[in-house]
Amino acid sequence: MLCERLKKVQREGKSFTMLDFNMKITFDAMCDMLMSIKDVSLLEQIERDCTVVFDAMLSFPIVISGTKYYEGIKARLCLSLIYIQAHGRLMETFKEMITARRNGKRYHEDFLQSRLDKDSFLADQNLDDEEIIDNLLTLIIAGQTTTAAAMIWGVKFLESIEKPKIGSE
1 MLCERLKKVQ REGKSFTMLD FNMKITFDAM CDMLMSIKDV SLLEQIERDC
51 TVVFDAMLSF PIVISGTKYY EGIKARLCLS LIYIQAHGRL METFKEMITA
101 RRNGKRYHED FLQSRLDKDS FLADQNLDDE EIIDNLLTLI IAGQTTTAAA
151 MIWGVKFLES IEKPKIGSE
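Just so you know, we're using our numbering here: the sequence shown kicks off at 1 and counts up by one.
In short, the hints are calculated from the structure, not lab data.
Check the hints yourself; a few may be wrong.
To be verified - 20 Å max Cα-Cα, derived DMTMM-like pairs, lysine to aspartate or glutamate: (1) 95 with 134; (2) 68 with 55; (3) 95 with 131; (4) 95 with 32; (5) 38 with 109; (6) 105 with 117; (7) 14 with 4; (8) 95 with 130; (9) 7 with 20; (10) 8 with 47; (11) 38 with 92; (12) 38 with 4; (13) 7 with 44; (14) 95 with 117; (15) 95 with 44.
Stated by the list, open to error - Derived DEER-like restraints, expressed as beta-carbon distance ranges: (16) 164 with 106: 45 to 55 Å; (17) 129 with 51: 15 to 25 Å; (18) 152 with 128: 31 to 41 Å; (19) 20 with 161: 19 to 29 Å; (20) 161 with 125: 42 to 52 Å; (21) 153 with 128: 30 to 40 Å; (22) 134 with 108: 14 to 24 Å; (23) 91 with 32: 18 to 28 Å; (24) 149 with 36: 22 to 32 Å.
The structure presented is a predicted model; accordingly, all values stated were derived computationally and were not measured.
By construction, the Cβ of each residue, glycine as well, lies at the ideal position given by its N, Cα and C atoms.
Construct all of the structure, not just a fragment, from the sequences and the given hints.
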C-alpha cells in the first residue's frame with residue numbers, strides 16, 4: 001500500500017506535506033492490521049468518514065457557530081447530517097465485516113478476528129458488536145494520529161543530526 005501511495009504522489013507530480021502523507025499511509029496500515037482492508041475505494045470511504053468523526057471529537061470546546069466543536073455538538077443532537085451519514089456508514093461497514101466473519105464467509109488473521117474468536121470461548125471477556133466497533137474506531141484514530149506524528153518527529157530528528165564530512169579528518 002505504501003508503494004501505491006508513493007507511485008500516486010509521483011504520478012501527480014505535486015508537493016505534499018509529510019504529516020498528510022504519513023496520516024494516509026498510517027491509516028492504510030491501521031486498517032490492514034485491524035481488519036485486513038486493502039481495497040483502495042473502501043479505505044478512502046472509511047478514511048473520509050473517520051476524518052469527520054475525528055474532527056468532531058478533537059475540537060476546541062467553544063460553542064460558537066462554525067467551530068468544529070459546535071458541529072460536534074450539533075452531531076450529538078442529531079442535527080449534523082454529514083456527521084450522522086459518516087458515522088452511519090462507518091457503523092454499517094464495520095457491522096457488515098463482523099457479520100460476514102461471524103457467518104464464516106470471511107476469515108483473516110487480524111485484530112477484528114481475534115476479538116470475534118474470543119467470543120467463542122471466553123464468556124467473561126465477550127464484547128458485543130458495538131463495543132468491537134468502538135474499539136476499531138478508537139484504535140484507527142489513535143493509531144493513525146500518534147504514529148504519523150511519531151514518524152514526523154523521527155524525520156525531524158534524523159534531519160537535525162550532523163552529517164559526517166567525508167574525506168575531512
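In rising order, the numbers of the hints this structure does not comply with: Nothing - there is no hint that the structure violates, so all of them hold.
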